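Colleague: Residues per chain, in single letters:
Number of protein chains: 4
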Amino acid sequence: MAVVTEPIKVTVWNENFHETDDKYREAMAQRYPEGIHGAIAAGLREVLGEAVETRTATLDQPEHGLTDEVLASTDVLTWWGHVKHGDVDDAVVAKVHEAVLGGMGLLVLHSGHFSKIFKRLLGTSCALAWRSKDDTELVWTVAPGHPIAEGVPHPIRIPEQEMYGEYFDIPEPDELVFISSFTGGEVFRSGCTFRRGRGRIFYFSPGDQDFPVYHHPDIKRVLANGVRWAAPEQRSGRTAPGLVNMKVPDFVGGSLNPEAGE
Amino acid sequence: MAVVTEPIKVTVWNENFHETDDKYREAMAQRYPEGIHGAIAAGLREVLGEAVETRTATLDQPEHGLTDEVLASTDVLTWWGHVKHGDVDDAVVAKVHEAVLGGMGLLVLHSGHFSKIFKRLLGTSCALAWRSKDDTELVWTVAPGHPIAEGVPHPIRIPEQEMYGEYFDIPEPDELVFISSFTGGEVFRSGCTFRRGRGRIFYFSPGDQDFPVYHHPDIKRVLANGVRWAAPEQRSGRTAPGLVNMKVPDFVGGSLNPEAGE
Amino acid sequence: MAVVTEPIKVTVWNENFHETDDKYREAMAQRYPEGIHGAIAAGLREVLGEAVETRTATLDQPEHGLTDEVLASTDVLTWWGHVKHGDVDDAVVAKVHEAVLGGMGLLVLHSGHFSKIFKRLLGTSCALAWRSKDDTELVWTVAPGHPIAEGVPHPIRIPEQEMYGEYFDIPEPDELVFISSFTGGEVFRSGCTFRRGRGRIFYFSPGDQDFPVYHHPDIKRVLANGVRWAAPEQRSGRTAPGLVNMKVPDFVGGSLNPEAGE
Amino acid sequence: MAVVTEPIKVTVWNENFHETDDKYREAMAQRYPEGIHGAIAAGLREVLGEAVETRTATLDQPEHGLTDEVLASTDVLTWWGHVKHGDVDDAVVAKVHEAVLGGMGLLVLHSGHFSKIFKRLLGTSCALAWRSKDDTELVWTVAPGHPIAEGVPHPIRIPEQEMYGEYFDIPEPDELVFISSFTGGEVFRSGCTFRRGRGRIFYFSPGDQDFPVYHHPDIKRVLANGVRWAAPEQRSGRTAPGLVNMKVPDFVGGSLNPEAGE
Numbered sequence: 001m002a003v004v005t006e007p008i009k010v011t012v013w014n015e016n017f018h019e020t021d022d023k024y025r026e027a028m029a030q031r032y033p034e035g036i037h038g039a040i041a042a043g044l045r046e047v048l049g050e051a052v053e054t055r056t057a058t059l060d061q062p063e064h065g066l067t068d069e070v071l072a073s074t075d076v077l078t079w080w081g082h083v084k085h086g087d088v089d090d091a092v093v094a095k096v097h098e099a100v101l102g103g104m105g106l107l108v109l110h111s112g113h114f115s116k117i118f119k120r121l122l123g124t125s126c127a128l129a130w131r132s133k134d135d136t137e138l139v140w141t142v143a144p145g146h147p148i149a150e151g152v153p154h155p156i157r158i159p160e161q162e163m164y165g166e167y168f169d170i171p172e173p174d175e176l177v178f179i180s181s182f183t184g185g186e187v188f189r190s191g192c193t194f195r196r197g198r199g200r201i202f203y204f205s206p207g208d209q210d211f212p213v214y215h216h217p218d219i220k221r222v223l224a225n226g227v228r229w230a231a232p233e234q235r236s237g238r239t240a241p242g243l244v245n246m247k248v249p250d251f252v253g254g255s256l257n258p259e260a261g262e
Numbered sequence: 001m002a003v004v005t006e007p008i009k010v011t012v013w014n015e016n017f018h019e020t021d022d023k024y025r026e027a028m029a030q031r032y033p034e035g036i037h038g039a040i041a042a043g044l045r046e047v048l049g050e051a052v053e054t055r056t057a058t059l060d061q062p063e064h065g066l067t068d069e070v071l072a073s074t075d076v077l078t079w080w081g082h083v084k085h086g087d088v089d090d091a092v093v094a095k096v097h098e099a100v101l102g103g104m105g106l107l108v109l110h111s112g113h114f115s116k117i118f119k120r121l122l123g124t125s126c127a128l129a130w131r132s133k134d135d136t137e138l139v140w141t142v143a144p145g146h147p148i149a150e151g152v153p154h155p156i157r158i159p160e161q162e163m164y165g166e167y168f169d170i171p172e173p174d175e176l177v178f179i180s181s182f183t184g185g186e187v188f189r190s191g192c193t194f195r196r197g198r199g200r201i202f203y204f205s206p207g208d209q210d211f212p213v214y215h216h217p218d219i220k221r222v223l224a225n226g227v228r229w230a231a232p233e234q235r236s237g238r239t240a241p242g243l244v245n246m247k248v249p250d251f252v253g254g255s256l257n258p259e260a261g262e
Numbered sequence: 001m002a003v004v005t006e007p008i009k010v011t012v013w014n015e016n017f018h019e020t021d022d023k024y025r026e027a028m029a030q031r032y033p034e035g036i037h038g039a040i041a042a043g044l045r046e047v048l049g050e051a052v053e054t055r056t057a058t059l060d061q062p063e064h065g066l067t068d069e070v071l072a073s074t075d076v077l078t079w080w081g082h083v084k085h086g087d088v089d090d091a092v093v094a095k096v097h098e099a100v101l102g103g104m105g106l107l108v109l110h111s112g113h114f115s116k117i118f119k120r121l122l123g124t125s126c127a128l129a130w131r132s133k134d135d136t137e138l139v140w141t142v143a144p145g146h147p148i149a150e151g152v153p154h155p156i157r158i159p160e161q162e163m164y165g166e167y168f169d170i171p172e173p174d175e176l177v178f179i180s181s182f183t184g185g186e187v188f189r190s191g192c193t194f195r196r197g198r199g200r201i202f203y204f205s206p207g208d209q210d211f212p213v214y215h216h217p218d219i220k221r222v223l224a225n226g227v228r229w230a231a232p233e234q235r236s237g238r239t240a241p242g243l244v245n246m247k248v249p250d251f252v253g254g255s256l257n258p259e260a261g262e
Numbered sequence: 001m002a003v004v005t006e007p008i009k010v011t012v013w014n015e016n017f018h019e020t021d022d023k024y025r026e027a028m029a030q031r032y033p034e035g036i037h038g039a040i041a042a043g044l045r046e047v048l049g050e051a052v053e054t055r056t057a058t059l060d061q062p063e064h065g066l067t068d069e070v071l072a073s074t075d076v077l078t079w080w081g082h083v084k085h086g087d088v089d090d091a092v093v094a095k096v097h098e099a100v101l102g103g104m105g106l107l108v109l110h111s112g113h114f115s116k117i118f119k120r121l122l123g124t125s126c127a128l129a130w131r132s133k134d135d136t137e138l139v140w141t142v143a144p145g146h147p148i149a150e151g152v153p154h155p156i157r158i159p160e161q162e163m164y165g166e167y168f169d170i171p172e173p174d175e176l177v178f179i180s181s182f183t184g185g186e187v188f189r190s191g192c193t194f195r196r197g198r199g200r201i202f203y204f205s206p207g208d209q210d211f212p213v214y215h216h217p218d219i220k221r222v223l224a225n226g227v228r229w230a231a232p233e234q235r236s237g238r239t240a241p242g243l244v245n246m247k248v249p250d251f252v253g254g255s256l257n258p259e260a261g262e
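Residue numbers (my numbering), protein chains in the order written: chain E, 1 to 262; chain G, 1 to 262; chain S, 1 to 262; chain C, 1 to 262.
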């Protein structure tokens with residue numbers, strides 16, 4: 001009496017700058033020995049087990065590791081970037097954009113709020129207020145029945161974290177799942193979902209290069225929930241709906257035309 | 001490399017009036033030999049197989065078949081009623097209401113738009129325009145990435161169906177999945193989702209006692225998709241979030257209080 | 001080159017319990033010498049001037065001051081209640097409900113979240129977490145282009161206020177305008193809009209019997225903005241859309257029926 | 001007892017191609033002697049009188065008529081384009097984008113769905129299905145309390161119009177105001193609102209170069225309602241919220257920081 005489901009193929013993308021730059025490398029090696037991408041991928045495997053297959057891709061690879069083949073076989077892409085957003089090739093961004101409209105899930109993480117792909121999908125500046133200074137972050141669930149909030153304490157407590165505050169210039173989310181508060185009294189819409197085309201997008205702000213947030217068990221859980229929620233029902237052969245306009249054949253007289261729109 | 005999931009326990013509710021009334025019985029026996037509830041349950045099993053377990057409940061049973069035990073072991077309840085809405089016991093409605101807020105999924109079908117439970121959950125009159133007169137209904141998908149629209153043609157064509165038209169007095173749906181048109185030129189928001197408390201609600205209008213709509217393969221598919229979408233992650237031990245206000249313990253000085261809200 | 005608009009007729013409702021009860025009367029007379037309703041009405045007149053006409057109504061009046069005549073000539077009703085929700089007559093609640101669906105604006109204030117009318121309109125428990133204990137509340141704007149946020153600082157600072165915290169069991173608001181944080185680290189969706197039928201509803205949580213919040217200039221401004229936003233375009237002769245189902249006349253052949261739905 | 005409001009400054013933009021091209025000029029001169037832009041501007045003045053001031057701008061003008069001065073003094077911009085979307089300068093699109101995020105209202109009309117500015121603001125392909133072939137369009141109101149639907153019949157009947165059908169690849173609208181049906185049985189979300197940054201956007205599909213839709217009294221009314229709804233409260237000195245990230249000053253100890261975010 002069991003149901004068998006294919007594992008979700010996740011590609012974890014990272015600009016991989018702090019991990020490789022002389023200024024940050026040593027501290028990062030302590031905090032994230034396999035890079036932020038390695039930590040995120042390990043967390044997904046830890047929570048989801050055989051329900052997930054992970055691989056990673058980084059900015060320095062050809063086509064940033066996001067070739068047509070990789071995108072075509074990716075159910076959910078997670079995106080982490082911070083200071084190298086400008087170095088991401090517009091052609092790759094366009095391909096990722098099209099893949100999302102075609103149904104690929106996308107998790108945009110933390111400073112990825114200012115990535116080209118997130119701004120392009122949302123159409124706003126995606127700017128926010130911030131401060132990196134010993135804040136504690138409390139992550140409160142405001143949609144307790146949402147799959148992404150499943151099994152998460154109320155609040156999640158992150159002892160040390162960068163502050164992200166409102167106003168966060170995004171469209172009204174389709175669903176607001178989490179709101180965070182910080183020691184300074186700021187608030188932030190820290191967990192938001194958006195549907196664009198056939199694709200599902202989850203933005204989740206906790207997670208930083210300076211704090212070991214991706215090792216936090218509740219954060220791992222949220223990311224795993226997010227991946228499951230964003231994964232398309234149809235795992236391959238996706239095409240973007242309506243990237244071009246579609247001329248519909250004539251109808252006959254005043255009668256209904258059941259072929260219309262096909 | 002497989003993931004095992006528990007089957008979804010569905011209770012299919014029907015007022016069971018047309019099936020038993022002298023005026024309609026004979027025609028109904030031709031159209032729905034096992035009742036509308038029997039047809040809906042069979043359709044779910046046909047599409048979902050071992051992923052679902054179904055039982056039925058009807059108005060004439062003690063507590064309308066919706067005892068505490070039944071509700072506690074129901075993941076998703078489907079509701080079909082038409083002329084006997086007024087006979088549904090308010091105490092049962094209150095229990096179903098609480099169960100939905102606690103996480104039980106609810107599919108409200110066709111004329112169930114005027115049921116006590118739907119009006120109570122939505123807070124509006126839920127009235128609409130209608131005509132029972134040889135219309136063809138076309139059901140167009142406006143959220144192609146939504147799990148409920150998975151595998152459904154665009155449009156679904158229902159050769160004969162009662163017309164339901166706007167204005168449909170409901171709150172703006174959380175997600176609008178389907179819009180229908182009818183031969184008379186009317187339109188209707190025929191597939192709508194709502195979250196209330198921890199519960200997910202899907203209203204779907206196609207389906208009628210006078211037409212064999214619940215045997216239509218695409219309609220079976222939509223109902224099966226709806227059941228999967230509405231099923232809670234947590235399949236038992238659900239409690240409504242916050243049916244009463246909760247006094248939060250004092251905080252200490254100006255410091256954060258991680259226990260708050262638990 | 002000027003546009004002339006009719007003044008908005010506002011009825012300010014208060015249960016008027018704390019103002020008259022032996023235990024609270026003296027403190028209330030200091031804080032709100034004309035009652036909470038008097039303070040709210042005065043604030044509206046101060047901000048809106050000739051653009052508004054106010055009157056008040058209280059629980060102890062016949063029909064709680066909300067007769068058919070009063071409701072028919074009210075553009076926007078504001079509702080404040082706390083411990084006497086249970087004493088509000090269901091018949092009056094039903095009339096207010098119908099008036100809102102017909103287009104009357106409604107502002108539900110602070111502890112009014114647990115009023116019969118708010119629960120009936122929203123369909124959820126409307127429960128929340130709370131603590132009355134020296135919190136400071138910061139009210140952050142998350143929809144800076146919304147008319148209700150016009151002219152409001154970011155954040156509004158309320159030095160002393162009762163804490164209201166998540167999870168607040170309401171449907172996802174149509175628009176989320178404000179999020180508050182409190183000294184204890186809690187967050188709350190403190191400014192929310194909902195459309196129900198033809199009516200516009202604004203819930204705003206700041207405001208309490210124990211603190212002089214309704215004298216705060218920014219809070220007065222938000223309430224005035226809320227009244228302007230909630231006021232219907234059509235100031236009289238409103239009828240609820242579709243409180244009953246409407247049978248639509250036959251159409252002719254396969255042709256369009258322009259009269260449908262009228 | 002009157003309220004005085006400043007007139008709304010509207011700039012009506014048109015690519016002005018069909019009006020000037022040899023192939024279409026003669027027919028257009030019959031249908032729209034002052035161009036589509038002239039007809040739209042005249043309709044706004046007819047309905048709104050002294051509440052509006054209009055001017056027009058076209059593709060062939062320097063900076064397409066949308067200089068910094070024009071944008072800075074525009075409360076609401078209306079956009080009509082069809083076959084010349086590609087000729088609109090990206091630099092002008094960027095300025096319009098910024099103006100909208102800063103609070104300028106935007107009405108995107110008919111084939112403007114495929115304009116650069118609309119795609120950029122929405123982040124999706126904005127593609128749809130279409131047929132130009134003797135359809136009648138019925139425009140049904142699904143948000144009767146919305147200011148944009150004020151005074152509009154249900155349905156609006158447009159005897160001859162191009163068909164626009166679903167799937168329309170847009171984000172879920174913040175508010176869905178109108179749904180249209182066509183002779184062929186197709187449906188379309190024909191009236192949609194979106195908030196982006198401080199700006200309000202209204203997309204409205206009825207209106208075409210081949211049919212005299214902008215002379216239809218109900219369509220004029222909808223456009224006038226749309227302009228009033230989209231006009232910002234603050235008529236000048238607007239700045240986009242958060243086009244850049246904002247570093248927030250330190251907080252002191254564990255205490256609240258009322259200056260945060262300013």
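Hints should not be assumed to be uniformly reliable.
Claimed, not checked - Computed list of lysine-lysine pairs in BS3-like fashion (alpha-carbon distance at most 30 angstroms, straight line): (1) E:K119 with C:K95; (2) C:K23 with E:K116; (3) E:K84 with C:K95; (4) E:K247 with C:K9.
Keep in mind that the hints were calculated from the coordinates and are not lab data. No experiment lies behind these values; they were computed from the predicted model shown.
Colleague: All hints, please: hold or fail.
Modeller: We went through each hint and held it up to the structure:
For the given pair, E:K119 sits about 16 angstroms from C:K95 by alpha-carbon distance, which is consistent with the 30 angstroms threshold. A hinted pair counts as satisfied when its Cα atoms are at most 30 angstroms apart, and C:K23 with E:K116 does not qualify at roughly 41 angstroms. Note on E:K84 and C:K95: the hinted pairing holds, with a Cα-Cα distance of about 25 angstroms set against a maximum of 30 angstroms. With a C-alpha separation of about 37 angstroms, the suggested pairing of E:K247 with C:K9 is violated against the 30 angstroms cut-off.
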